[in-house]
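Enquirer: Here are the chains, one letter per residue:
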Amino acid sequence: MAGDFIRQLDDSGMGRGRSLFQKLHIDLPLFVMLLVLVLGGLFILYSASGQNMHMVSRQMVYFAIGFGCMLVIAQFNPHWFQLAAPWMFGAGIIALLLVLAVGVGAKGAQRWLSIFGVFRFQPSEIMKLAVPMMLAWFMASKLMPPNFKVIVQALVLIFIPTLLIMKQPDLGTSLLIASSGLLVLLFAGLSWRWVTLAVMIVLAVAPMMWFGVMHDYQKQRVLTFLDPESDPLGSGWNIIQSKTAIGSGGIEGKGWLQGTQSQLEFLPERHTDFIIAVFAEEQGLIGVLLLLMLYLMIVIRGIYMASRARDSFSRLLGGSLIVTFFIYVFVNIGMVSGILPVVGVPLPLVSYGGTSIVTLMAAFGVIMSIYTHRQV
Amino acid sequence: MSFSLKDAEIEKAIFARRAILAAFLVVGLLCVLAGRMMFLQVSQHELFASKSENNRVQLKPVAPIRGLIFDRNGILLAENLPSHSLSLVPERVQDMDATLALINTLVGLSDEESARFQKRLKQWRRPFEAITIKYRLNEAEIAKLMVNAYFLEGAEVEAELVRHYPRGEDFAHVLGYVGQMNEKEKRRLDAAQYKATRRVGKIGIERYYQDMLHGEVGYQKVETNAQGRILDVLERESPKPGGNLILNLDANLQHVAMQAFKGRRGSLVAIDPNTGGILAMVSSPAFDPNLFVNGISFKDYNNLRDSLDTPLFDRASRGQYPPGSTMKPFIGLSFLQSGVTNWAEKIDDPGWYMLENDERVYRDWKRRGHGDYINLRQAIIQSCDVYFYEMSFRAGIDNIQPFLGQFGFGQNTSMDVGNALPALLPGRAWKKKYRGRSWYAGDTLNMGLGQGYMLITPLQLATAMSVFANKGKWKRAKLVQYIDGVELEDETPPADVQIKNPADWDRMSRAMEGVIKHYMGTAKALQKDLNYRIAAKTGTAQVVSIKQNEEYDSEALLERQRDHALFVSFAPVESPEIAIAVIVENGESAGRTSGPIAREVTDFYLNSLKQRPMIDNEVFGLGNLGTKL
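Chains A and B are the protein sequences, given in the same order. Take the numbering used here: the final residue in the first sequence is number 376, and no numbers are missing along the way. Take the numbering used here: the final residue in the second sequence is number 1629, and no numbers are missing along the way.
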């Protein structure tokens, strides 16, 4: 099944000589799927923002910039990314240190980065690209599968930026950046023995931490984090409302702009992190399944494109980026539907917000570059 | 792997294996999400659908419109006017201090308004319930607030109907006023009916008829957003407005009576003997009841509360005074009833009276006495004290007390005057119980003059006069004539006063006529330009007791220690239409203070009001209010 699907996607872009899209280093199937997602997302946003056209047009500007970034990045030969990886990583680390030194919380970070232009980037956003690039650069120079020494070195590379971002503090982003680095290790053939060992260590340490080290208030925080509904007026309220929105949508949904949970503002963060609840309420299970299908096709196409890359660096980078993209999708929907703890993760390419869009589109630019530069 | 060189094919193979695994994992995890969504949207759909509906739709109570109050001629006494007020929903205010500061610069907040708001802020309330911060906004203030609405998140200008009393002070005590419902009232009143109601009657008619004026609560199904703001009304069950009241009171008569006091402390009650309807009920000085509707300021309240003239005190139904000589017509009848004397018997009044075996000298108000020709008629006209000492002694308390009781003394006989006091009709049992002593003959002598232990309220005195004018037929005093078009009937009136010889009613009335008409009458000053027949009796009541042998020197007494001046009357004598009781505190002379007030009110009622055609019911849209109007 999956094989046929991938071949079909591949066939559509192949065997016809060099089309305009090939010249532009754009993968047509992925591009079309992204376009569908983005356009659909704009309709969802229009409803989720309370029919705020201003917000929708700003989102359109972000997408224009995002697609522009993708297009530009896709023109670069992946070789350049390999060369740039250590420098970008180094610059990112310095930026993170500066944020901690100069900035007071999030405001300092924004101020420091406003010199880059109109759209302010947080250094952690750069790290979303720089960490997998650095890891892919590092692993590509080593033997695969990695031995113990390499693994330790790689883990150090991952945990430096992770800790720095955690200190900002931004737990959600730091965990996602860490996982993008770990994904490179996995794609490089990290032995399952190590994976099993790590899991066992976590399982062993967690109860020791719980019963030995942690104070009651810390335990309470963890419990609330794991089960937000135990705090119905705090973070639990969001989840109760989003589950109500999703559940009340039923199979067919209440119709576009007709979701009472979202339109009447019972749903918090409805245009950002909880936007999937708006969609689920208004378009029902049918809409949700179509959206999940679209995400699936994008991710599968991405994995396929990464696997067709020219060298190990490109493969590892592409694989990490596309699976990270999927993790975003999974964590967001899992969180909103109440099976994962609440961490501030937007729904990729649907939630409102320029930073996330530009970073994601840049990542797709890298993936397109990897795929379109393999024969040249 | 023991290769020391990188092997591109092996690396590619490793990646491919892992990539396929990743793809399966992705599919698997998406299936988890899809399954979760199916669980929520299919299995749990009904649960969440009803949850969402409960979120969205709320049943909101709607307060009924309070009934209006009219006087007997359809003049509006209590109405509901639209008023705009500014309120804040604390949950929606981002920065309370900044918001309050901005409101202060826009419309100004007194210290008092701020303090009251801060107090309410600390009290318990429903989440997202608005707190009113400023009442009675004018057009300019509303405009300023609207223009700055963007900076005033959580602030709202609300329009509501607020009680207003166009006749102000005239009806302060009798009508009462409404005010914010307090916790005690919330417990007392029907919680379901009063869910949306903010103000209830605090005193007077507004309180006594609270339930009838209130109406029945309505409900509307509304769609609200998460902030509780109403977006749409889905269904509505309209509230039933409160019933309108038509009073027996006459607004113009009330005004004349109020003005007649010229600010003096005192009270007047006028009753139509034929119906028991209270035509006027005044307690002076009064206050503006409109001050209380939105919560009176501390300063205004303190001024009212601390005033020596006690304007908040309702003298008409709660002021207790010794009746003085106004009791003489009633007590005179009790002499005839007990047979201790007749109209013909004359006594000699030397100016004093003594009991056997008693040192005490009981004085007449006239130091040299009224002479040797004093019969009952003259004793009434001249208010001869010695005659009443003698006859009271003969009749005894056991004859006098029950007879007075038949006129309603010592009880609250009114139909709808809330809080009216029973005052005091003393007798043997009472003295034994509350004073621990036997009833002495001297007590009877004092009582015969309306002094001693006996206390009356102006309402009681007017009621008794009305029953008297009605020749003993009881019509209980009532403020309200019609409730929502239905006449207020007296189902259980007290037993009529029966006397042995009904002709005595007329003879006593004619004697009372002499109080004004006779050249010896104590109120002969009032006879000028009299164009109707009026029966009256003056009275003075001592505020401080005068000791034995002490000279009564009113000049030396402080103004507030002077005697109270009382006056009772009814007119016209041949077919009474208005019975009046007046008390002027420290008025000293009934002929100069309380008497003229009664005359002025009676004049106005019989001459001015009766001449004027009655206002047509239809003008007020009150066509179905009965035939009387």
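FYI, nobody ran anything at the bench for these hints, they're computed from the structure. Treat each hint with caution, since some may be false.
[As the list claims (entries may be wrong)] A partial selection of chain A residues facing chain B, derived with a Cβ cut-off under 8 angstroms: (1) S19; (2) L20; (3) K23; (4) L24; (5) G255; (6) L264; (7) A306; (8) G319.
[To be verified] Calculated cross-link-like contacts (lysine to aspartate or glutamate; reagent style EDC-like; alpha-carbon spacing at most 16 angstroms): (9) K1432(B) <-> D1398(B); (10) K1060(B) <-> E1223(B); (11) K142(A) <-> E1009(B); (12) K1122(B) <-> E1183(B); (13) K1473(B) <-> E1491(B); (14) K1060(B) <-> E1216(B); (15) K1051(B) <-> D311(A); (16) K1186(B) <-> D1211(B); (17) K1122(B) <-> E1158(B); (18) K1012(B) <-> E265(A); (19) K142(A) <-> D1007(B); (20) K1006(B) <-> D311(A); (21) K1144(B) <-> E1160(B); (22) K1060(B) <-> D1211(B); (23) K1517(B) <-> D1504(B).
For each residue, glycine too, the CB sits at the ideal point set by N, CA and C.
Enquirer: If a hint holds in the structure, say so; if it does not, say that too.
Expert: Consistency of the hints with the structure:
no.	hint	in the structure
1	S19	violated, 26 angstroms
2	L20	violated, 29 angstroms
3	K23	violated, 27 angstroms
4	L24	violated, 26 angstroms
5	G255	violated, 14 angstroms
6	L264	holds, 4 angstroms
7	A306	holds, 7 angstroms
8	G319	holds, 6 angstroms
9	K1432(B) <-> D1398(B)	holds, 14 angstroms
10	K1060(B) <-> E1223(B)	holds, 10 angstroms
11	K142(A) <-> E1009(B)	holds, 15 angstroms
12	K1122(B) <-> E1183(B)	holds, 15 angstroms
13	K1473(B) <-> E1491(B)	holds, 14 angstroms
14	K1060(B) <-> E1216(B)	holds, 14 angstroms
15	K1051(B) <-> D311(A)	violated, 54 angstroms
16	K1186(B) <-> D1211(B)	holds, 13 angstroms
17	K1122(B) <-> E1158(B)	violated, 22 angstroms
18	K1012(B) <-> E265(A)	violated, 50 angstroms
19	K142(A) <-> D1007(B)	holds, 11 angstroms
20	K1006(B) <-> D311(A)	holds, 11 angstroms
21	K1144(B) <-> E1160(B)	violated, 19 angstroms
22	K1060(B) <-> D1211(B)	violated, 21 angstroms
23	K1517(B) <-> D1504(B)	violated, 19 angstroms
The structure shown violates the earlier hints numbered 1, 2, 3, 4, 5, 15, 17, 18, 21, 22 and 23.
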